[in-house]
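There are 2 protein chains.
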Amino acid sequence: MKTRTGIGVDLGGTYIKYALGDESGKIIKKGKKPTHADAKNEVILANIADAIEEMKDYAAAHRLQPLVVGVGTPGCVDVDRGILRGGTPNFRYWIKVPIAEELNKRCKLPVFVDNDANVMALAEAKFGAGKGHKNVICLTIGTGIGGGIIINGALYRGSNFAGAEPGHMSIKHDGRACRCGGRGCLELYASATAMITHFKKISKKAGIAVEKNINVKRIFELFASGNRQAAQTIDLSTYYLGRGIANLMNIFNPTRIIIGGGVAGAGEVYLKRVENSAFAFAMNEAQKDTKIVRAKLGNNAGYLGSIRFAFNQLDARR
Amino acid sequence: MKTRTGIGVDLGGTYIKYALGDESGKIIKKGKKPTHADAKNEVILANIADAIEEMKDYAAAHRLQPLVVGVGTPGCVDVDRGILRGGTPNFRYWIKVPIAEELNKRCKLPVFVDNDANVMALAEAKFGAGKGHKNVICLTIGTGIGGGIIINGALYRGSNFAGAEPGHMSIKHDGRACRCGGRGCLELYASATAMITHFKKISKKAGIAVEKNINVKRIFELFASGNRQAAQTIDLSTYYLGRGIANLMNIFNPTRIIIGGGVAGAGEVYLKRVENSAFAFAMNEAQKDTKIVRAKLGNNAGYLGSIRFAFNQLDARR
Numbered sequence: 001m002k003t004r005t006g007i008g009v010d011l012g013g014t015y016i017k018y019a020l021g022d023e024s025g026k027i028i029k030k031g032k033k034p035t036h037a038d039a040k041n042e043v044i045l046a047n048i049a050d051a052i053e054e055m056k057d058y059a060a061a062h063r064l065q066p067l068v069v070g071v072g073t074p075g076c077v078d079v080d081r082g083i084l085r086g087g088t089p090n091f092r093y094w095i096k097v098p099i100a101e102e103l104n105k106r107c108k109l110p111v112f113v114d115n116d117a118n119v120m121a122l123a124e125a126k127f128g129a130g131k132g133h134k135n136v137i138c139l140t141i142g143t144g145i146g147g148g149i150i151i152n153g154a155l156y157r158g159s160n161f162a163g164a165e166p167g168h169m170s171i172k173h174d175g176r177a178c179r180c181g182g183r184g185c186l187e188l189y190a191s192a193t194a195m196i197t198h199f200k201k202i203s204k205k206a207g208i209a210v211e212k213n214i215n216v217k218r219i220f221e222l223f224a225s226g227n228r229q230a231a232q233t234i235d236l237s238t239y240y241l242g243r244g245i246a247n248l249m250n251i252f253n254p255t256r257i258i259i260g261g262g263v264a265g266a267g268e269v270y271l272k273r274v275e276n277s278a279f280a281f282a283m284n285e286a287q288k289d290t291k292i293v294r295a296k297l298g299n300n301a302g303y304l305g306s307i308r309f310a311f312n313q314l315d316a317r318r
Numbered sequence: 001m002k003t004r005t006g007i008g009v010d011l012g013g014t015y016i017k018y019a020l021g022d023e024s025g026k027i028i029k030k031g032k033k034p035t036h037a038d039a040k041n042e043v044i045l046a047n048i049a050d051a052i053e054e055m056k057d058y059a060a061a062h063r064l065q066p067l068v069v070g071v072g073t074p075g076c077v078d079v080d081r082g083i084l085r086g087g088t089p090n091f092r093y094w095i096k097v098p099i100a101e102e103l104n105k106r107c108k109l110p111v112f113v114d115n116d117a118n119v120m121a122l123a124e125a126k127f128g129a130g131k132g133h134k135n136v137i138c139l140t141i142g143t144g145i146g147g148g149i150i151i152n153g154a155l156y157r158g159s160n161f162a163g164a165e166p167g168h169m170s171i172k173h174d175g176r177a178c179r180c181g182g183r184g185c186l187e188l189y190a191s192a193t194a195m196i197t198h199f200k201k202i203s204k205k206a207g208i209a210v211e212k213n214i215n216v217k218r219i220f221e222l223f224a225s226g227n228r229q230a231a232q233t234i235d236l237s238t239y240y241l242g243r244g245i246a247n248l249m250n251i252f253n254p255t256r257i258i259i260g261g262g263v264a265g266a267g268e269v270y271l272k273r274v275e276n277s278a279f280a281f282a283m284n285e286a287q288k289d290t291k292i293v294r295a296k297l298g299n300n301a302g303y304l305g306s307i308r309f310a311f312n313q314l315d316a317r318r
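Chains A and C are the protein sequences, given in the same order.
Residue 121 in the working numbering sits at position 121 of the first sequence, with consecutive numbering throughout.
Residue 58 in the working numbering sits at position 58 of the second sequence, with consecutive numbering throughout.
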């Protein structure tokens with residue numbers, strides 16, 4: 001049987017990442033452009049539509065015919081209707097958007113939409129680090145922290161498509177306010193954004209000027225070169241992430257916890273510390289068969305999962 | 001078809017509660033005795049065996065024949081083998097106990113063992129406040145806080161029988177150490193035990209002597225009579241419980257959250273405040289169709305669920 005081709009879009013707080021790929025997890029061509037998360041919805045939709053056109057053009061030039069578009073977006077998605085309903089604190093206007101309908105108008109392909117962390121989790125569970133495991137939790141560490149929860153082999157979306165947001169589990173009830181309406185949420189302490197905040201605060205306290213445009217990659221570089229503030233930042237961020245993971249172990253007792261997103265790219269330096277914190281605080285029984293592993297598909301998980309998810313939906317509708 | 005009779009045992013940190021009942025949720029006869037959670041395992045097992053004998057004698061005198069014993073115990077249980085494996089911080093020695101085997105020796109009936117909060121959740125989902133709902137979380141507020149999680153209609157036990165411990169979800173990463181190995185666990189702030197601790201602390205601060213043998217029931221009585229420290233205690237405990245529930249809403253997006261255990265007996269005074277806190281902090285999308293309700297079966301849930309669970313296991317083995 002011929003493997004079908006589709007287009008996957010991974011809408012992040014910073015970048016739109018997209019690809020032409022197939023349902024078995026193969027990437028044919030990929031691209032990336034800024035999201036402009038503060039822009040009006042028409043701008044974001046037009047940017048996504050441009051990305052899809054780019055992939056369609058590439059496909060046409062290579063005699064391929066994409067059959068479907070899958071989109072992973074932050075926030076709560078009505079998967080049945082492809083409507084973003086809410087819960088996107090890292091965007092300015094991106095709420096109540098009929099994404100599937102709007103993009104279908106522009107690109108003339110069936111469009112399916114799910115939460116970004118859900119599609120990433122699906123990709124990792126199907127093709128990546130969770131392959132063969134029944135109970136898996138995926139955490140995507142980026143601008144925020146997204147989550148995907150696989151229970152007994154199936155994606156758990158909650159009763160109202162609104163579950164699976166462990167990034168908005170509070171780990172400090174009296175912590176600072178989160179844009180989600182909560183307080184002390186995990187992502188305020190352990191996201192990539194939080195890591196930069198920690199670094200600035202620690203550097204300021206030490207009386208050291210922070211270089212302009214500091215980012216997570218640079219913090220890991222500084223750490224590698226022996227920078228003390230970078231080391232403290234990584235210790236702090238991984239401590240917090242481990243605390244959140246310990247909570248999830250006590251609740252879910254999964255066999256795999258998969259860490260994805262830009263921060264996970266740092267590899268063992270990061271993962272080992274997360275593990276130390278999580279295993280120190282989780283209940284003994286809940287951590288016995290659990291491994292914390294790095295996502296295997298890296299930044300490809302979002303669009304690969306979107307493509308896979310879109311084909312699942314397409315097949316379910318037929 | 002005749003409804004079968006069984007014996008259910010609900011082992012709590014303070015009391016052993018037990019009953020002769022049937023698989024449809026009917027109670028025929030019940031009893032209660034102190035647990036002595038600090039005693040050696042032989043003492044606790046002998047007490048449970050006595051309770052079972054008492055029910056067997058009653059059954060014999062009334063021409064009934066119990067077919068099975070179900071036991072709900074705190075901690076992590078290997079349900080397949082009826083062995084308590086660990087995670088019982090409120091007991092002194094109650095760890096690594098082959099409960100099913102030990103009780104079967106003493107009472108000559110098939111014995112099945114599960115986590116206490118699991119069997120309570122099963123009872124509430126089957127006969128009580130969660131009837132007809134697919135995604136339900138039960139929290140038992142007592143000496144500690146136990147949890148039972150029903151996902152897509154089935155009890156979720158975790159990969160290693162060790163999940164579903166939301167009482168050991170930390171809501172204050174820098175909070176005080178919990179006996180589970182974690183820090184700042186929900187049950188340190190929102191259990192019945194915690195409520196008494198809050199009351200003592202608040203009263204001490206106000207320079208008011210606390211009556212001897214203060215308990216949760218008495219705190220609610222004091223509250224009803226206008227006692228200010230009792231009011232502050234209830235506000236604080238419900239605030240914390242609501243924070244934990246908000247976390248669970250963001251993760252599970254269930255349609256029912258059921259509060260059981262002694263504290264829930266206080267009714268609306270308590271529940272309304274828990275609701276206020278939970279709905280104030282949970283994400284909008286995650287709380288839309290969610291109701292926080294009081295367990296319907298009260299203290300009967302533990303043994304009723306144990307009986308039901310035991311018949312489920314008996315039938316599954318046949």
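Please note that a few of the clues may not be correct.
Pairs count within a copy or across copies, as identical chains cannot be separated in the list.
[To be verified] Result set (DSBU-like, lysine-lysine): computed pairs, CA atoms no more than 35 Å apart in a straight line:
#1 LYS131 <-> LYS288
#2 LYS291 <-> LYS96
#3 LYS296 <-> LYS32
#4 LYS29 <-> LYS204
#5 LYS108 <-> LYS201
#6 LYS29 <-> LYS272
#7 LYS288 <-> LYS40
#8 LYS272 <-> LYS40
#9 LYS288 <-> LYS134
#10 LYS105 <-> LYS201
#11 LYS26 <-> LYS200
#12 LYS2 <-> LYS204
Quick caveat, the hints were computed from the structure, so don't treat them as lab data.
Does the structure break any of the earlier hints, and which numbers would those be? Structure breaks hints 4, 5, 8, 10, 11, 12.
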